[in-house]
Amino acid sequence: MSAVELLQLARGPALWASLAVLAAGSLWRIAGILRLGERPDLSEPRSTRLFAGAMRGIFVRMVPRKGFRDRVGPSLWYGYAYHVGLAVIVFGYAPHIQFVARLTGLAWPALPEAVVFPIVGVTFAALFLALLERLTDPVRRLLSGFDDYFSWFVVLLPLATGMIAIHQSYAPGAPPAPPLYPLPLAIHLLSVELLFLWLPFGKLSHAFLVFASRGITGAALARKGAAL
Amino acid sequence: MTEGARAVLDAAKVPDARRATREFVAQASRDAAFQLEACVHCGQCADACHFHRVSGDPRHTPIYKLRPMLKAYRRETAPFSSLKKRLGLAPPELTSEELHEWSELLYDSCNLCGRCTLVCPMGIDIASLVRRAREGMTAGGFAPTDLYKAAERALETGSPIGLRWPALKRQIELQEQETGLKVPIDVEGAEYLVVLTSIEIMGFPEAIGALARIFRQAGASWTLPSAGFEATNVGVQMGSREVAAALLQRIVDAAERLKVKTVISPECGHAYSALRWEGPNLLGRRYGFEVVQIVELLDRFVREGRLRLRGKDARRLTFHDPCQLVRRGGITEAPRRLMDGVSANQVEMPGAGAANFCCGGGGGVSAIHRAEGLRFAAFEIKKQQIDATGAEALVTACGNCRNVLEEAIEHYGMTLPVLGLTELVAQYLDDERR
Numbered sequence: 001m002s003a004v005e006l007l008q009l010a011r012g013p014a015l016w017a018s019l020a021v022l023a024a025g026s027l028w029r030i031a032g033i034l035r036l037g038e039r040p041d042l043s044e045p046r047s048t049r050l051f052a053g054a055m056r057g058i059f060v061r062m063v064p065r066k067g068f069r070d071r072v073g074p075s076l077w078y079g080y081a082y083h084v085g086l087a088v089i090v091f092g093y094a095p096h097i098q099f100v101a102r103l104t105g106l107a108w109p110a111l112p113e114a115v116v117f118p119i120v121g122v123t124f125a126a127l128f129l130a131l132l133e134r135l136t137d138p139v140r141r142l143l144s145g146f147d148d149y150f151s152w153f154v155v156l157l158p159l160a161t162g163m164i165a166i167h168q169s170y171a172p173g174a175p176p177a178p179p180l181y182p183l184p185l186a187i188h189l190l191s192v193e194l195l196f197l198w199l200p201f202g203k204l205s206h207a208f209l210v211f212a213s214r215g216i217t218g219a220a221l222a223r224k225g226a227a228l
Numbered sequence: 229m230t231e232g233a234r235a236v237l238d239a240a241k242v243p244d245a246r247r248a249t250r251e252f253v254a255q256a257s258r259d260a261a262f263q264l265e266a267c268v269h270c271g272q273c274a275d276a277c278h279f280h281r282v283s284g285d286p287r288h289t290p291i292y293k294l295r296p297m298l299k300a301y302r303r304e305t306a307p308f309s310s311l312k313k314r315l316g317l318a319p320p321e322l323t324s325e326e327l328h329e330w331s332e333l334l335y336d337s338c339n340l341c342g343r344c345t346l347v348c349p350m351g352i353d354i355a356s357l358v359r360r361a362r363e364g365m366t367a368g369g370f371a372p373t374d375l376y377k378a379a380e381r382a383l384e385t386g387s388p389i390g391l392r393w394p395a396l397k398r399q400i401e402l403q404e405q406e407t408g409l410k411v412p413i414d415v416e417g418a419e420y421l422v423v424l425t426s427i428e429i430m431g432f433p434e435a436i437g438a439l440a441r442i443f444r445q446a447g448a449s450w451t452l453p454s455a456g457f458e459a460t461n462v463g464v465q466m467g468s469r470e471v472a473a474a475l476l477q478r479i480v481d482a483a484e485r486l487k488v489k490t491v492i493s494p495e496c497g498h499a500y501s502a503l504r505w506e507g508p509n510l511l512g513r514r515y516g517f518e519v520v521q522i523v524e525l526l527d528r529f530v531r532e533g534r535l536r537l538r539g540k541d542a543r544r545l546t547f548h549d550p551c552q553l554v555r556r557g558g559i560t561e562a563p564r565r566l567m568d569g570v571s572a573n574q575v576e577m578p579g580a581g582a583a584n585f586c587c588g589g590g591g592g593v594s595a596i597h598r599a600e601g602l603r604f605a606a607f608e609i610k611k612q613q614i615d616a617t618g619a620e621a622l623v624t625a626c627g628n629c630r631n632v633l634e635e636a637i638e639h640y641g642m643t644l645p646v647l648g649l650t651e652l653v654a655q656y657l658d659d660e661r662r
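Sequences listed follow chains F and Y, in order.
Numbering (this note's numbering) for the first sequence: 1 to 228.
Numbering (this note's numbering) for the second sequence: 229 to 662.
I should point out that these hints are in silico values taken from the structure, not numbers from a laboratory.
Hints are not guaranteed to be accurate.
[Said to hold, decoys possible] Straight-line alpha carbon distances no greater than 30 Å define the calculated DSS-like cross-link-like pairs of lysine-lysine that follow:
id, chain 1, residue 1, chain 2, residue 2
1, Y, 540, Y, 410
2, F, 224, F, 66
3, Y, 410, Y, 397
4, Y, 410, Y, 487
5, Y, 487, Y, 397
6, F, 224, Y, 611
7, Y, 487, Y, 540
8, Y, 489, F, 224
9, Y, 299, Y, 313
10, Y, 299, F, 66
11, F, 224, Y, 397
12, Y, 397, Y, 489
Let the hints inform the model, and build the full structure from the sequences given.
Here you go:
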């Protein structure tokens, strides 16, 4: 298979197949949890504003609570750095916006490369620091398993392959003209597709589970009138 | 004793990992499963836990304590579990050795205090999951022996320490002599039914006299029941809904027999959780009466002008928040308003309120003899909080906290008295303006 054919595969069948697995796998996982059911809470609530509690629970846990903040440690900052960094790279980098626009017709203004590229560096560094901490801190090392390390790997891979693909993809005139060097772009796309394939099954599913988890606890604590 | 409760006690004689597994799976309901699945292994809960802070043992990380339940869930009922089993990727079956090891993690080193819940960035209610995991441990026969024994005593006698009505009656008579007030017993149609804990009855019986004085000034009708007076619920602590429901039923029977409007949960954190939040779910029906914690009632009486206070304690006082009242129960401001009414020099501990540390004895830990060393070690964190205030006396609203604090204070060679908030309020009642 030539590099161009590989790129065609990555842009076409592989992309759609991975997106299908992402959607179906995520739905299956959520449905599999929902089917377990929950008995209604019969205790008299102190507050009935449960939806507001769930929403507050989702948002307030983005920042460590006062009284705990001073002991959270540097992992908090790595976490912020790579989550925000990945969001900026995915949604702010021009070629990514163009890619989404080609697929969906949706587009928005891109951030300048002078902003995105330093953020790529910060994200990369933050991911490695997070891994280092996971490997060296006794608590995180005890908690971690294959899922944690593989999830880290499938997040890092698109970042690394994307860095290789930067400035190599297109001749002047931009897409849909064929890229000058199709192989790095094909590998980059395939690495993103690996992330899509893994997301519903491993720790990366926290991307959607976080809303359920925080919301449930937020509503439960609000019901008791307790601090969120 | 109900058949279910008997079966729980019998389980201790023949521990069985499969029985535990079945109960772990049964406890993994929708909400629990969303939370079990959401952990990203960030480890932030470790630092929130006083047991981990003092031991430095990574196994004391709160979320790690849930591993047996997580394994059972992942093997038996989680999404993709069937596929993973076929592919040989599912976790192995739980073993008795593993569950015996985890008994220390799920009981001795967890007060169900909920600090971990509050710090978790994924919003996982770890304390509630530990409570659920204990159901599996108890059903399997892996809970600490001391808790099975306490449950047996509670089911047979009504009290975890074997205290029966004649002993309470004697304490009531002594308090009646002390205060000159009659303590109403089994009064049908009273507005308030007061239940007590064995710790209060035997360790702090002045609380009974304090209640008599408080209700007299408030002009409220109240009663104690001669049957169903024990509020301590070892079933909730050990993790047995059968035992918990059987014990709770006695209070509900008393409340319904005496046709009261309100049941007053005494100064005990877990009794409040059991009666107020878990009770209707354990019994499978809503109550026909209201449950109010004594601190909430006192606060209500003071705000309504039914209790008038005179004078204030001049000592430097600090309030220890019982975890089940504040973090798990939402009662934060009421004790502080009461403290303001009786203390001229109140000072807060660092992290007072929601971030307060447990005394170390909650969640049944104070009843586990083998956990005593770890409990005293964990008190070091509480001691730091207390020392930071320079307080001359400690006030709390939980008999178990009070008992545990007193023991630890003695263990550490401190000289701080520990006071009950109800008694403190009673001490400053303006009896002349009744």
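Okay, the hints, checked on the actual structure:
A distance of roughly 27 Å separates the Cα atoms of residue 540 of chain Y and residue 410 of chain Y; the hinted pair therefore holds under the 30 Å criterion. For the given pair, residue 224 of chain F sits about 20 Å from residue 66 of chain F by alpha-carbon distance, which is consistent with the 30 Å threshold. With a C-alpha separation of about 12 Å, the suggested pair residue 410 of chain Y and residue 397 of chain Y falls inside the 30 Å cut-off, and the hint holds. As the CA atoms of residue 410 of chain Y and residue 487 of chain Y are separated by approximately 20 Å, the hinted pair is consistent with the 30 Å bound.
Restraint check for residue 487 of chain Y and residue 397 of chain Y: the C-alpha separation of about 22 Å stays at or below 30 Å, so the hint holds. Using a Cα cut-off of 30 Å, the hinted pair residue 224 of chain F and residue 611 of chain Y holds, with the two alpha carbons roughly 29 Å apart. Distance hint between residue 487 of chain Y and residue 540 of chain Y is unfulfilled; the C-alpha atoms sit about 37 Å from each other, more than 30 Å. The hinted pair formed by residue 489 of chain Y and residue 224 of chain F meets the criterion: a straight-line CA distance of about 21 Å does not exceed 30 Å.
Simply put, residue 299 of chain Y and residue 313 of chain Y have alpha-carbon atoms about 12 Å apart, close enough for the 30 Å limit, and the pair holds. Distance restraint check for residue 299 of chain Y and residue 66 of chain F: the Cα-Cα separation of roughly 33 Å exceeds the 30 Å cut-off, and the hinted pair is therefore not satisfied. Of the supplied pair hints, the one linking residue 224 of chain F and residue 397 of chain Y is violated, its CA atoms being roughly 35 Å apart against a limit of 30 Å. The suggested pairing of residue 397 of chain Y with residue 489 of chain Y holds, with an alpha-carbon distance near 24 Å, which does not exceed 30 Å.
The structure does not agree with the numbered hints 7, 10 and 11 stated previously, though it agrees with the rest.
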